[in-house]
Amino acid sequence: MQATFQSTYCFRADQGDGPLFLDEEHGLLCVGEDGWVLEGKALRSFRISEDGAPLFESGIGTLKCTVSDVPDQVNVMAAEIARFHLERQRFERWEAMDGLHRAGTESSEERRERERTNDLRRPRFDVPAPVREFRVELTLDHPYQTAFDARIAAPAFDRNYPRAEDYLKSYREQTEELHLLAAKLMHMIAPGAGETQSGFGWVRSMQMALSRMPRTRAFLF
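For what it's worth, the numbering used here labels the leading residue of the sequence shown as 2, then goes sequentially.
No incorrect hints appear here.
Straight-line C-alpha distance at most 27 Å; calculated DSS-like pairs for lysine-lysine:
1. LYS185 <-> LYS42
2. LYS170 <-> LYS65
3. LYS65 <-> LYS185
4. LYS65 <-> LYS42
5. LYS170 <-> LYS185
So the derived label-pair ranges between C-beta atoms look like this:
6. ASP99 <-> ASP52: 41 to 51 Å
7. GLU196 <-> LEU87: 37 to 47 Å
8. ASP99 <-> PRO20: 44 to 54 Å
9. ASP70 <-> LEU101: 40 to 50 Å
10. ASP159 <-> ASP52: 16 to 26 Å
11. ARG91 <-> PRO192: 51 to 61 Å
12. THR9 <-> ASP70: 31 to 41 Å
13. GLN74 <-> SER8: 28 to 38 Å
Calculated directly from the structure, the hints in this document are not laboratory data.
Predicted model only: the values in this text are computed from it and were never measured.
Every residue, glycine too, gets a C-beta built ideally from N, C-alpha and C.
Using the sequences and the hints, build the whole thing.
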């Protein structure tokens, strides 16, 4: 199988095992650059989660997709993000006025020290994002490779100019890539398997969250 293996897809994580290579043409998979090549039937099950909550799981002949509440959590944070932007704008207006007031009366060293001090006092958005990390877990039927466990850092808010739309875009891109991985893994287990989705789906949830967000001037940059 080593000689036959030709990688058609590669999944890389930030921590843990990997990378994970798939040969979809021959139904093979490989963990690590020089790892064992396994037949698709060696993949017993898999689970992809966010902070422990399932997103995609292998089922009996079906890929199980679970609704994430992250879009709703981000929607709740929209007012907090708007307040931060107002605070940041007030600080920047004060900073500009203070600079004009001191123009011509301070030395270059005094100006640099003032700018350093202002940068330390500048408001930063240090609110944790709804999700810290994604985790990919595979159960394998092989004497030397029994599991695959990898973690990926989830997106974070921009500390200076956070926008809910930007965060959800990054989150959507990551979850779409994980969905693609899940679909490929499910095909290894059961070619032609379908999908089941609880609720109305995480994509629809994100669309609803974006549509409900207040369009305040604080979001315009």
